[in-house]
Amino acid sequence: MQVNENKEFRPRIVAFCCNWCSYVGADLAGSSRMEYPADVKIIRVPCSCRVNPMFILRAFERGADGVILCGCHPGDCHYSTGNYYARRRMTMLFSMLDYLGIEKERTRVEWVSAAEGAKFAATMNEFIDTVKNLGENRKLRDLRCKE
Amino acid sequence: MQRIVDKINELFANGTVDRVLGWKVGEFSYDRTPYVFTKEGGLDGFAYDSFCANNLSKYLIAESRKEGKVLVLLKPCDTYSYNQLVAENRIKTENVYTVSIPCKGKVDVEKLKAMGMTGITDIVENGEELTVTTLYGDEKVNRCDVLCEKCLACQKTAKECDEAIEGEAYEKPHKDRFATVEELEAMSPEERFAFWRKELSKCIRCNACRNVCPACSYIKCVFDNDNSGIASKANTDEFQENMFHIIRAFHVAGRCTDCGECSRVCPQGIPLHLLNRKFIKEINELYGEYQAGDNTESRGPLTSFTKEDCEPSIVYEKGGK
Amino acid sequence: MLKISMENIDKLYAAIKESRDLFLPIESAGQVQFAEYTDDAVVRLDVLKTVKSAKDAFFPQSEDLMEFKVCGKEIDVIPPSGDMKEFVIMGVKACDAKSFEILDRVYLKEPIDSYYALRREKGLVVVQACGRPEESCFCNVFGIDATAPVGDVVTYLVDGTLYWDAQTEKGKELTEKIASVFDNADANDDAKVEASKAETKAIMEKLPFANLDLSRFNGENMMEIFKDERWNELYKACLGCGTCTFVCPTCQCYDIKDYDTGHGIKRFRCWDSCMYSDFTMMAHGNNRNSQMERFRQRFMHKLVYYPSNNEGIYSCVGCGRCVNKCPISMNIVKVIKTMGVTDNE
Chain B
1 MQVNENKEFR PRIVAFCCNW CSYVGADLAG SSRMEYPADV KIIRVPCSCR
51 VNPMFILRAF ERGADGVILC GCHPGDCHYS TGNYYARRRM TMLFSMLDYL
101 GIEKERTRVE WVSAAEGAKF AATMNEFIDT VKNLGENRKL RDLRCKE
Chain Z
1 MQRIVDKINE LFANGTVDRV LGWKVGEFSY DRTPYVFTKE GGLDGFAYDS
51 FCANNLSKYL IAESRKEGKV LVLLKPCDTY SYNQLVAENR IKTENVYTVS
101 IPCKGKVDVE KLKAMGMTGI TDIVENGEEL TVTTLYGDEK VNRCDVLCEK
151 CLACQKTAKE CDEAIEGEAY EKPHKDRFAT VEELEAMSPE ERFAFWRKEL
201 SKCIRCNACR NVCPACSYIK CVFDNDNSGI ASKANTDEFQ ENMFHIIRAF
251 HVAGRCTDCG ECSRVCPQGI PLHLLNRKFI KEINELYGEY QAGDNTESRG
301 PLTSFTKEDC EPSIVYEKGG K
Chain R
1 MLKISMENID KLYAAIKESR DLFLPIESAG QVQFAEYTDD AVVRLDVLKT
51 VKSAKDAFFP QSEDLMEFKV CGKEIDVIPP SGDMKEFVIM GVKACDAKSF
101 EILDRVYLKE PIDSYYALRR EKGLVVVQAC GRPEESCFCN VFGIDATAPV
151 GDVVTYLVDG TLYWDAQTEK GKELTEKIAS VFDNADANDD AKVEASKAET
201 KAIMEKLPFA NLDLSRFNGE NMMEIFKDER WNELYKACLG CGTCTFVCPT
251 CQCYDIKDYD TGHGIKRFRC WDSCMYSDFT MMAHGNNRNS QMERFRQRFM
301 HKLVYYPSNN EGIYSCVGCG RCVNKCPISM NIVKVIKTMG VTDNE
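Protein chains in written order, with this note's numbering: chain B, 1 to 147; chain Z, 1 to 321; chain R, 1 to 345.
If you are wondering where the hints come from, they were derived from the structure by calculation, not from laboratory data.
Beta carbons are placed, not taken as given, at the ideal position from N, Cα and C, and that holds for glycine.
Any given hint might turn out to be false.
[Stated by the list, open to error] Each computed EDC-like pair below joins lysine to aspartate or glutamate, with the alpha-carbon atoms no more than 20 Å apart:
#1 Z:Lys39 <-> R:Glu229
#2 B:Lys146 <-> R:Glu293
#3 B:Lys139 <-> Z:Glu171
#4 Z:Lys202 <-> R:Glu173
#5 B:Lys139 <-> Z:Asp237
#6 B:Lys139 <-> Z:Asp226
#7 R:Lys122 <-> R:Glu27
#8 Z:Lys104 <-> Z:Glu171
#9 R:Lys334 <-> Z:Glu27
#10 Z:Lys220 <-> R:Glu293
#11 Z:Lys318 <-> Z:Glu191
#12 Z:Lys111 <-> R:Glu27
#13 Z:Lys113 <-> R:Glu27
#14 R:Lys257 <-> Z:Glu63
#15 Z:Lys198 <-> R:Glu36
#16 R:Lys334 <-> Z:Asp122
[Claimed, not checked] Counterexamples of contact, computed for chain R against chain B with all Cβ distances above 12 Å:
#17 Lys11
#18 Thr38
#19 Phe87
#20 Ser114
[To be verified] Pairwise CB distance ranges, derived in the manner of DEER restraints:
#21 R:Glu199 <-> B:Leu134: 57 to 67 Å
#22 R:Leu118 <-> Z:Asn284: 46 to 56 Å
#23 B:Phe55 <-> Z:Gly137: 25 to 35 Å
#24 R:Asp278 <-> B:His73: 38 to 48 Å
#25 Z:Glu182 <-> B:His73: 29 to 39 Å
#26 R:Asn289 <-> Z:Thr303: 46 to 56 Å
#27 R:Ser114 <-> Z:Ala62: 20 to 30 Å
#28 Z:Gly300 <-> R:Leu118: 43 to 53 Å
#29 Z:Asn284 <-> B:Phe55: 25 to 35 Å
#30 Z:Tyr136 <-> B:Asn133: 50 to 60 Å
#31 R:Ser114 <-> B:Met34: 33 to 43 Å
#32 R:Ile313 <-> Z:Asn284: 53 to 63 Å
#33 B:Met34 <-> R:Glu27: 48 to 58 Å
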């Protein structure tokens, strides 16, 4: 993220969205013309469980200031149980990031169903505010990726 | 040691086993190399003492696929690694004969060096006292002061093996294995970040921690896979150091038996066990006490779930300041 | 010869820093490494062996080679800037100093490696005679005198005083610049240095590996050694990690990799290890598929191939780092002892 002294800091957010719920939820937010900043880059994944810890780290490597994972509500996974595994996995990853001294608020998991367009937009707005307060991600990025 | 040798010779003689995975003497009295002894070659150079720290279980992935039966000597902590490998179907158990052997903790020569001893040519053990001969004179140290980090917090007792060789009673040191993890957790994020930067920046990416780890038993590691986009071979940036160590620890989370080999072999003395123990501690607290390698059946905590599991947001409430 | 008390040693560092970058053995998180000197650095000239050798100064573990910027259909190739500050590396021991000569034979031969050559040109080596050799040292086997290291400036650390003796033009030029921090050493000091050298030599002679026999590695038994069955025994416990390679002062293999930054490519090279499964990986695959072959390669290179290409000079300086650091305690000493005698002896 370029920090321009004249411009306010606009965090880069990467949102991994599961194909069956959250991506549709995001779509609904869009088609219902609910507003959330364009700084959120959505990456569609087949299931929240597809997200490997490496994906999160690599998003930070490339300059993300915050990474959010959205999937179906527990119990509603298209593949029955994928999000239960994702839940444990992300809990572990987030506590490890915190352990290494990296701001834990930069990572988040939120369950968004296909009908929750409003929740998607609200979640993104809230997350962006949180990350904005934290400022630029400096601890977990590869400086070579800086433009 | 004599009882172990006798037992092996007996099993050689009655045809139970063809080979033995053990330790061989080296150039110094404290230098031991894992070695496969054969029935024909005999036990020439065999050793088992306070310096046989290597966990031999990982060698079984290859050894158990060879012809004939291999006997493996497992210290209490190694029996857990063995179980874990069996649980993951990495060992052909029909070709393995397991023998558990007693252990009173292993001596870490690096700790002697950290005490300022240089030029160590010989270490003689006399009960709880070690006489260290160096090029610059002899010194005496208490054995308990120079045990491997992994042995200080070891409360493991041997799991069931084909044969058990019992040792004399031994009172294990009582270090709380999570004490340092808790200390780190109590620090501020900035302090923690500084601590890990200092430690991880020493990493030379030799992969010794990964290659020695019995839980890292994949045929091809993601860090060796050129198509993964992260196989950089060197720490070209701070990020690479962080990522390698987070992912290494993550890949063994829920499967790590806390055998401590990673920290022991690190040429840079990075306390890698603190990463593994953090995961173990979190798993214990959030998903119930779990000891990897306790048996060969149970599913690991990260390959199972309950519907009532906590949400990842729990991390915002717990952990350091 | 000049001298400076260790109490005032910071003045020497500061004086050198005025005109050049300075690298010293510095302790951080319990380990000593060659690193750039800063005011709060804990300098450990008294430590015999840094974990990694001094070769990083001339052949860093990773180094940027060039950059590519992609703009539409255009590709810009951006070469490295080429300007580098002159630097001094201090506290280099005799074994590491000798390793530079071994690296030179690889990198300064045609085609000259310009990155390495630039660093060699800009770098000034201040060597230090060894005071307390360790059990794993065997530099004397390769004809190295631990008390008479080769470099631009030779130093001796005796009884809290650092003695400074410039050897080359480069060394004398630096010495003139910083002469004000030194006192002149007298005959009494010379005697002290000589006494310390004699003491070290006496220890060197009785080191456990002082009499390693290299006679079988004379360039005539290449295939015999290569085909020796005993490699199968030696390699067995090898984990295939790169510890021995990365702590070694003479290992010189590297890999070139591209890092995609999202808006361009950064090409870098980094140390590689022949112990790794993807070492010298080519389109057709790998030419050494088993760990035995990889293990054998490392030692054949050091003891047979390199000498046969370099007038019999071995690619090992006997620093003993691999002896100390190998996770399974298999090392070049054990290889020399095993392969140094024929099978039927």
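Status of the hints after comparison with the structure:
1. Z:Lys39 <-> R:Glu229: Distance ~18 Å between Z:Lys39 and R:Glu229 Cα, so the pair holds.
2. B:Lys146 <-> R:Glu293: Outside the cut-off at roughly 42 Å; violated.
3. B:Lys139 <-> Z:Glu171: Not OK: B:Lys139 and Z:Glu171 at ~44 Å, beyond 20 Å, violated.
4. Z:Lys202 <-> R:Glu173: With Cα atoms ~34 Å apart, Z:Lys202 and R:Glu173 exceed 20 Å; violated.
5. B:Lys139 <-> Z:Asp237: holds, 12 Å
6. B:Lys139 <-> Z:Asp226: violated, 26 Å
7. R:Lys122 <-> R:Glu27: Not OK: R:Lys122 and R:Glu27 at ~25 Å, beyond 20 Å, violated.
8. Z:Lys104 <-> Z:Glu171: Holds, at about 8 Å.
9. R:Lys334 <-> Z:Glu27: Distance ~8 Å between R:Lys334 and Z:Glu27 Cα, so the pair holds.
10. Z:Lys220 <-> R:Glu293: holds, 18 Å
11. Z:Lys318 <-> Z:Glu191: Holds: Z:Lys318 and Z:Glu191 sit about 17 Å apart, inside 20 Å.
12. Z:Lys111 <-> R:Glu27: Between Z:Lys111 and R:Glu27 the Cα gap is close to 16 Å, so the pair holds against 20 Å.
13. Z:Lys113 <-> R:Glu27: Within the cut-off at roughly 15 Å; holds.
14. R:Lys257 <-> Z:Glu63: violated, 35 Å
15. Z:Lys198 <-> R:Glu36: holds, 15 Å
16. R:Lys334 <-> Z:Asp122: holds, 17 Å
17. Lys11: holds, 35 Å
18. Thr38: holds, 20 Å
19. Phe87: holds, 23 Å
20. Ser114: With a cut-off of 12 Å, R:Ser114 remains clear of chain B, as the shortest Cβ separation is near 22 Å.
21. R:Glu199 <-> B:Leu134: 57 to 67 Å: At 59 Å between Cβs, range holds.
22. R:Leu118 <-> Z:Asn284: 46 to 56 Å: 54 Å Cβ-Cβ, so the 46 to 56 Å window holds.
23. B:Phe55 <-> Z:Gly137: 25 to 35 Å: violated, 56 Å
24. R:Asp278 <-> B:His73: 38 to 48 Å: Because 43 Å falls inside the window, the suggested range holds.
25. Z:Glu182 <-> B:His73: 29 to 39 Å: holds, 34 Å
26. R:Asn289 <-> Z:Thr303: 46 to 56 Å: Since R:Asn289 and Z:Thr303 have Cβ atoms about 32 Å apart, the given range 46 to 56 Å is violated.
27. R:Ser114 <-> Z:Ala62: 20 to 30 Å: violated, 43 Å
28. Z:Gly300 <-> R:Leu118: 43 to 53 Å: holds, 51 Å
29. Z:Asn284 <-> B:Phe55: 25 to 35 Å: holds, 27 Å
30. Z:Tyr136 <-> B:Asn133: 50 to 60 Å: holds, 58 Å
31. R:Ser114 <-> B:Met34: 33 to 43 Å: violated, 58 Å
32. R:Ile313 <-> Z:Asn284: 53 to 63 Å: Roughly 57 Å apart at Cβ, these two residues keep to the hinted range, so it holds.
33. B:Met34 <-> R:Glu27: 48 to 58 Å: For B:Met34 and R:Glu27 the Cβ distance comes to about 57 Å; the hint holds.
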